[in-house]
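Please work from the sequences and hints to get the whole structure.
Protein sequences appear in the order of chains A and B. Read the first sequence against my numbering and you will find it ends at 190, with the numbers running on by one and no gaps. Read the second sequence against my numbering and you will find it ends at 1404, with the numbers running on by one and no gaps.
Hints listed in this document are in silico derivations from the structure and should not be mistaken for laboratory results. All C-beta atoms in this analysis are idealised placements derived from N, C-alpha and C, irrespective of residue type, glycine included. One or more hints might be untrue.
[Claimed, not checked] Now the stretches of chain A that chain B is said to cover, found in silico as 3 or more residues with beta-carbon under 8 Å:
(1) 30-44
(2) 48-59
(3) 69-78
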Amino acid sequence: MSQDYFSLFGLEPGFRVDNVRLTENFRRLQQAVHPDRFASASAQQQRLALTRTAEINDAYAVLRDPLKRAQYLLSTLRGLATDNQSTVSDPEFLMEQMDLREKLSDLDEQADAKSLSRFSEEIATRLQDKEDQLADAFADPEDRLTDIQKLILHLQFLQKLQFEIEQKEDKLYQ
Amino acid sequence: MALLQIAEPGQSTAPHQHRLAAGIDLGTTNSLIATVRSGLPDTLPNDGGEHLLPSVVHVTADGEFSVGRSALQYAGTDPDNTIISVKRLMGRGLEDMSAISNFSANQLVDSDSGMPSIRTAAGDLSPVQVSAEILRKLADRAEQALGGDLTGVVITVPAYFDEAQRQATKDAATLAGLKVLRLINEPTAAAVAYGLDSGEQGLHAIFDLGGGTFDISILRLTKGVFEVVATGGDSALGGDDMDRLLADWICAQAGLERSDKRLMAEVLTIARGVKEQLTEHNEAEVALGDRWQGSISRSEFEQLVSPLVERCLLACRRTLRDAGLKPSEIEQIVMVGGSTRVPRIREAVAEFFGRPPLTSIDPDRVVAIGTAVQANILAGNKPDADMLLLDVIPLSLGVETMGGLVEKIIDRNTTIPISRAQEFTTYKDGQTAMAIHVVQGERELVDDCRSLARFELRGIPPMVAGAARIRVTYQVDSDGLLGVTAEEVSSGVKSTIQVKPSYGLSDEQISGMLKSSIEHAREDVSARMLREQQVDAARAHEAVTAALAENGEQLLSREEIRRIEAALDSLDQAATSSDPELIKQAITAVDNLTQDFAARRMDASIAKALVGQELDEI
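Rendered as structure tokens:
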């Protein structure tokens, strides 16, 4: 399947994605090719259905997630993969990171459900803000490549932080 | 609904005979089998009219197995050779203490498969073998009732079952000589039984309180597609705990010594009877022979079990939080498991969710009934059904990287089937091999995750460190089973290896066991192989003929059609022979010739799936 992920779901390529249409089309494609539709078909068809459905699911997982979507878009548009290790000079965000890390470790001392969920909401707001900025930057990818790379790193950091908060929340329930 | 009917690829358009298929609820305490007859799903009873088959297996020194109630009779007299709750061992290791707590220490021994074996007078048995006996017993019941061999079965597993546990379940079916159409999640099956799939969309909760475990699952339904949104529960909470609390109360009232084990077992049985009576009545008599006579009211009982009810609700709250939902957002609550008959449980659930739960289907049989519906669809008996059950993987899958860290390849809650590749490289000059360690879990350290498999990729051409490109691909199929492939891509030299999780049995082990079980049944192995090939040949023939009729002329040249038809003729000829190998070759020939056609058909149906939407929007 040489089709790109966006056209697979009948979408215009871009960072802003019509989530309703994405999910709707995802389900339509599933209805058409899911291995369950071939449960009594030949082994060959079953293999084919499995491969195609796996591709569709993978594409869906990428398009649904802002970070993965941004990385994918960058790699297809520019023909370069985003490099996790690349260091972009970004002192402002470095400060922000340190600040948030500190908040998280403060919560280690006295983690209760309320303050954790308040912190989680704060991160969610920041994530949304970065996504909006990314959408702007992707409107002009040629000129704003550095911005895009920076923002992707920001998203990565914030998502990881969000994950750590969830893990702390899980511990509360154990 | 779409204006254009959504494509139904692969389904035969020609009328065909009804295929015998069944759904199996392979439970910890009891198992059931159900099928759809005259359009209605129902569980099948044994000769004595009993639907529930106790999941108990007994084996004699001569290797004679008995399953169900007859095996249960040995629980007291021959406990070492009576295997109860084998489901808890499936895909688990000896280090999983919770899994093995109800087995005596000397009953379990380590084995090569990673799963403990059960020591019996007939030798060491794998949990997979024991489960296969239960499955075989159920399948025999169905084949007798339906008057023919089963084409395929659908088996339920708990939604939280991981890769190894699903693999073990599927292996058990293979060992029992059954073709698994699909493993489905128990909560999904229960929702299907209530026909929740016929609604347009909504969120549903499945509340499953059995004898020893409690599971709560949240499902989302959108236009015939089911997704498991979140699951939770308590693996040590169930109706047995109610019996124990009630037994404690009886002992306290009657002033009994708890040291007498026999007496305690008797009290526990009485307690269970009292609990059941209180489902129908407001008051129950408690008679301990001539030792003590008394009574208990329903409200006293409810007081006793209220901590258990609270624990159920706590798990519900947590699972809703995981799903980011409020109780009021849940549309229907399906009750599963015998313990949901207790009125206080039903009330508490109704209060928590703000609406009464669905209880019209027998909670012991609801999962089996839903599974039968799905089996009927997958067998191809309802080609126009648009129900689709999508599952997610319950735990993340990753690979060990330098320093004992885990790099996740597939995140939990990803819809399956899925395949995903990640590239790694060598860290030493001239390195020719790389160890790949497949792990499962959410934590960052390998030691905190569960090891699923280890293997080595060898034959990497010597290069400087960092130059090799090792692509590791994880593929999870729609049953949640994992295959891992590794290859070196930069030099064009490919070396590929497929692994099965270390917690399963190898294919050789399974075929070995299968062979010996067939020999045990004195069935002719080669006759069985021939029959299997003939069934496959018929299936391939039917599929290709239907495909040709549907869009052969659009997608193929006249010459291509002619060649495929010739291959079909040879397949027909081969199918009449008595040589399974010959039939297999003819099937492969047809497969190879139609590979391109099948891919073009799949592309066409992908395109068509979205075309339907364009029309929809006009």
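Original post:
Checking C-beta pairs, does the segment 69-78 of chain A have three or more residues closer than 8 Å to chain B?
Top reply: Holds: 7 residues of the segment 69-78 of chain A have a Cβ under 8 Å from chain B.
Original post:
Do at least three Cβ atoms from the segment 30-44 of chain A come closer than 8 Å to Cβ atoms of chain B?
Top reply: holds (count 5)
Original post:
Count the residues of the segment 48-59 of chain A with a beta-carbon closer than 8 Å to any beta-carbon of chain B: does the count reach three?
Top reply: n = 12 at 8 Å, threshold three: holds.
Hint compliance for this structure: no hint is broken.
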